Amino acid sequence: MRMTNEVPIYDGAPKRAAFDSPDVLEVAESSADSIDGPAAPTVPLTLPRPASPRTVVVANQKGGVGKTTTAINFAVALAMSGLKVLVIDTDPQGNASTALGIDHEAGTPGTYEVLLDEEDIGLVAKPSPEAPGLEVVPATIDLSGAELQLVDVKGRERRLRKALRKYLKNHDVDYVILDCPPSLGLLTLNALVAADEVLLPIQCEYYALEGVTQLMRTIEAVRHAMNKELRLGSILMTMFDGRTRLSTQVDEEVRTHFARETMSTRIPRSVRVSEAPSYSRSVLTYEPTSAGAVAYREAAAEFAKRHACDEHSTNTSGVKHPDASDTKKG
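Residues 1 to 330, numbered by my numbering, are exactly what the sequence shown covers, in order.
These are calculated hints, taken from the structure and not from any lab test.
Only a predicted model underlies this, so the values are computations on that prediction, with no experimental measurement involved.
It is possible that some hints are incorrect.
Claimed, not checked - Once the Cα atoms are required to be at most 30 Å apart in a straight line, the calculated DSS-like pairs of lysine-lysine come out as:
hint, residue 1, residue 2
1, K62, K154
2, K126, K84
3, K126, K169
4, K166, K84
5, K305, K62
6, K126, K154
7, K154, K305
8, K126, K166
9, K162, K126
10, K84, K162
Said to hold, decoys possible - Just the calculated beta-carbon pair ranges, DEER-fashion:
hint, residue 1, residue 2, range
11, N170, E210, 11 to 21 Å
12, R243, S264, 12 to 22 Å
13, E118, T248, 44 to 54 Å
Every residue gets a Cβ at the ideal spot worked out from N, C-alpha and C, and that includes glycine.
Hey, can you work out the whole structure from these sequences and the hints?
Listed below in structure tokens is the structure:
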């Protein structure tokens with residue numbers, strides 16, 4: 001599957017007039033809880049097992065778009081459905097590790113040791129209390145110096161890819177989800193080279209599309225030079241507030257320019273989603289019946305069904321599941 005002719009490059013944004021329009025509603029802090037609104041009860045999911053492990057990097061160099069939130073909630077939702085999931089945290093801030101209940105104090109073995117010392121992923125991955133079948137390779141503050149320490153190392157951009165290929169040959173995993181820093185440095189590059197598909201969260205706010213072209217060009221550069229399997233697999237609209245014209249306009253513009261990639265599920269702006277990480281939880285366990293939790297479950301289910309049996313799903317790993325036609329029930 002080639003991205004060059006299939007995915008348009010767009011660096012536009014909603015017209016300025018939309019931002020200044022009186023039709024854009026101010027959402028008062030005191031009424032923020034009402035954004036969640038009524039939510040449907042939790043229901044068990046039946047999700048397809050991919051033909052081979054899907055290695056997904058959640059990336060967007062623009063901060064505050066729900067990147068880490070999406071990574072952790074997708075991971076938990078997939079694991080709750082009976083799938084086996086590995087999260088690799090490559091952000092020195094370690095927010096994904098925190099939200100998944102994993103200790104990541106300085107010196108804790110994790111992604112840093114995998115990149116610098118070529119440690120086996122299986123030796124540093126830790127089970128998350130958020131869901132059975134979910135393991136996490138934590139990120140510590142030590143990672144902040146990794147780019148400088150690897151500057152003279154040959155093949156530095158392929159360190160994570162090499163470690164992950166070795167891990168997948170010996171472990172039964174359905175999804176590998178990589179959370180990245182909000183930048184396009186060496187840590188993000190390692191994740192892009194190790195992955196097969198990119199999940200791009202875009203917030204429904206002004207300037208949300210800024211930098212998308214830069215990321216698309218980076219994906220293309222990685223495809224041509226280091227990882228021919230990499231592609232933009234899905235775009236997820238986050239922080240959607242249907243009460244504002246701005247959210248609707250941004251959503252419509254993204255769907256116009258990235259019709260095939262944009263998921264139908266939208267994640268609403270949600271107080272519960274924002275609160276959950278401060279309790280070292282995903283919103284799925286913190287407030288499972290909230291609108292945010294329901295939306296993330298629906299989005300994860302939609303994502304699992306997209307490209308599930310695609311021959312490109314994880315050719316990077318070289319691993320095939322013999323029972324890929326089976327489904328697992330949560």
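So which of those numbered hints doesn't the model satisfy? 7, 11
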